[in-house]
Amino acid sequence: EAQVTQNPRYLITVTGKKLTVTCSQNMNHEYMSWYRQDPGLGLRQIYYSMNVEVTDKGDVPEGYKVSRKEKRNFPLILESPSPNQTSLYFCASSYRWGSPLHFGNGTRLTVT
Amino acid sequence: QKEVEQDPGPLSVPEGAIVSLNCTYSNSAFQYFMWYRQYSRKGPELLMYTYSSGNKEDGRFTAQVDKSSKYISLFIRDSQPSDSATYLCAMSMVQGAQKLVFGQGTRLTINP
Chain X
1 EAQVTQNPRY LITVTGKKLT VTCSQNMNHE YMSWYRQDPG LGLRQIYYSM NVEVTDKGDV
61 PEGYKVSRKE KRNFPLILES PSPNQTSLYF CASSYRWGSP LHFGNGTRLT VT
Chain Y
1001 QKEVEQDPGP LSVPEGAIVS LNCTYSNSAF QYFMWYRQYS RKGPELLMYT YSSGNKEDGR
1061 FTAQVDKSSK YISLFIRDSQ PSDSATYLCA MSMVQGAQKL VFGQGTRLTI NP
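First to last, the protein sequences are chains X and Y.
FYI, in my numbering the residues of the first sequence are 1 to 112.
FYI, in my numbering the residues of the second sequence are 1001 to 1112.
It is possible that some hints are incorrect.
Label-pair ranges, simulated between beta-carbon atoms [stated by the list, open to error]:
no.: 1; chain 1: Y; residue 1: E1057; chain 2: X; residue 2: T112; range: 29 to 37 Å
no.: 2; chain 1: X; residue 1: V52; chain 2: Y; residue 2: P1081; range: 40 to 48 Å
no.: 3; chain 1: Y; residue 1: E1015; chain 2: X; residue 2: T20; range: 40 to 48 Å
no.: 4; chain 1: Y; residue 1: S1012; chain 2: X; residue 2: E79; range: 41 to 49 Å
no.: 5; chain 1: Y; residue 1: S1069; chain 2: X; residue 2: Y10; range: 40 to 48 Å
no.: 6; chain 1: Y; residue 1: D1078; chain 2: X; residue 2: E79; range: 48 to 56 Å
no.: 7; chain 1: Y; residue 1: S1073; chain 2: X; residue 2: G98; range: 21 to 29 Å
no.: 8; chain 1: X; residue 1: D38; chain 2: Y; residue 2: N1027; range: 17 to 25 Å
no.: 9; chain 1: X; residue 1: T22; chain 2: Y; residue 2: S1040; range: 18 to 26 Å
no.: 10; chain 1: X; residue 1: T112; chain 2: Y; residue 2: N1111; range: 36 to 44 Å
no.: 11; chain 1: Y; residue 1: S1026; chain 2: X; residue 2: G98; range: 19 to 27 Å
no.: 12; chain 1: Y; residue 1: S1026; chain 2: X; residue 2: G63; range: 21 to 29 Å
no.: 13; chain 1: Y; residue 1: E1057; chain 2: X; residue 2: N28; range: 29 to 37 Å
no.: 14; chain 1: Y; residue 1: N1111; chain 2: X; residue 2: N28; range: 40 to 48 Å
Since the hints were derived computationally from the structure, they do not count as laboratory data.
Built from N, CA and C at the ideal position, the CB exists for glycine as well.
Turn these sequences into a full structure, and let the hints guide you.
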């Protein structure tokens, strides 16, 4: 089944404790992206990647890192999480930029 | 002013009603227009995808784009309880920033 898989689905952590949210797609998509979804603000792009080893900042990149060493994986790294990063995070991929995005089922992160 | 404005609702209608969902936008460079449906605890899934102006129909769903007014709509005919979800409009440019800009989403409930 074609899908975007994120792990974990739920995560509660404390301020400053490094964490990684994994994202994997099995559709051989070139383009991958991370979004966060907050009430009243909608979905905002954090980082995106046009292909392996090619990443760039979205609208809200502060406090996040990404890497794209393999085509299928695009992990999101929070080196020192803070409470304002409490949010619902979505990974998405598409065949190439401009094609429809396929989303994962989200990771709900709480930072205390 | 947000690039994309969408009334967050909530919107509650009886089963069988015609539903109209709308977004306005400010950036005339947007060329791709999409509607996503998001069920609770799930990632957004693509419903409709259109390029430039005009109408597109898929079953009970019709998407309309009016670029002169910077206004897009999604119509749902013969609405069903299974249509209850949050509907997000999204749009992007042909060239420029490789991101989708989303509306806030409209929460829709169809009452049996």
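Quick rundown of the hints versus the structure:
With their beta carbons about 48 Å apart, Y:E1057 and X:T112 fall outside the hinted range of 29 to 37 Å. Range check, X:V52 to Y:P1081: about 44 Å between beta-carbon atoms, so the 40 to 48 Å window is met. Restraint check, Y:E1015 to X:T20: a C-beta distance of roughly 44 Å satisfies the suggested window 40 to 48 Å. Hint check: Y:S1012 to X:E79, Cβ distance near 43 Å, so the stated range 41 to 49 Å holds.
Taken as a hint, the range 40 to 48 Å holds for the pair Y:S1069 and X:Y10, whose Cβ atoms sit roughly 42 Å apart. The beta-carbon spacing between Y:D1078 and X:E79, approximately 50 Å, falls within the hinted interval of 48 to 56 Å. For Y:S1073 and X:G98, the Cβ-Cβ distance of about 22 Å falls inside the hinted range of 21 to 29 Å, so the restraint holds. Separated by about 21 Å at the C-beta atoms, X:D38 and Y:N1027 satisfy the suggested range of 17 to 25 Å.
In this structure the supplied range 18 to 26 Å holds for X:T22 paired with Y:S1040, their Cβ-Cβ distance being about 23 Å. Between X:T112 and Y:N1111 the Cβ separation comes to about 38 Å, which falls inside the hinted range of 36 to 44 Å. Evaluation of the 19 to 27 Å hint for Y:S1026 and X:G98 yields a pass: the beta carbon distance comes to about 21 Å. In this structure the hint that Y:S1026 and X:G63 lie 21 to 29 Å apart at CB holds, the actual value being about 28 Å.
Taking 29 to 37 Å as the suggested C-beta distance range, the pair Y:E1057 and X:N28 conforms, at roughly 31 Å. Between Y:N1111 and X:N28 the beta carbons are some 42 Å apart, a value that agrees with the proposed interval 40 to 48 Å.
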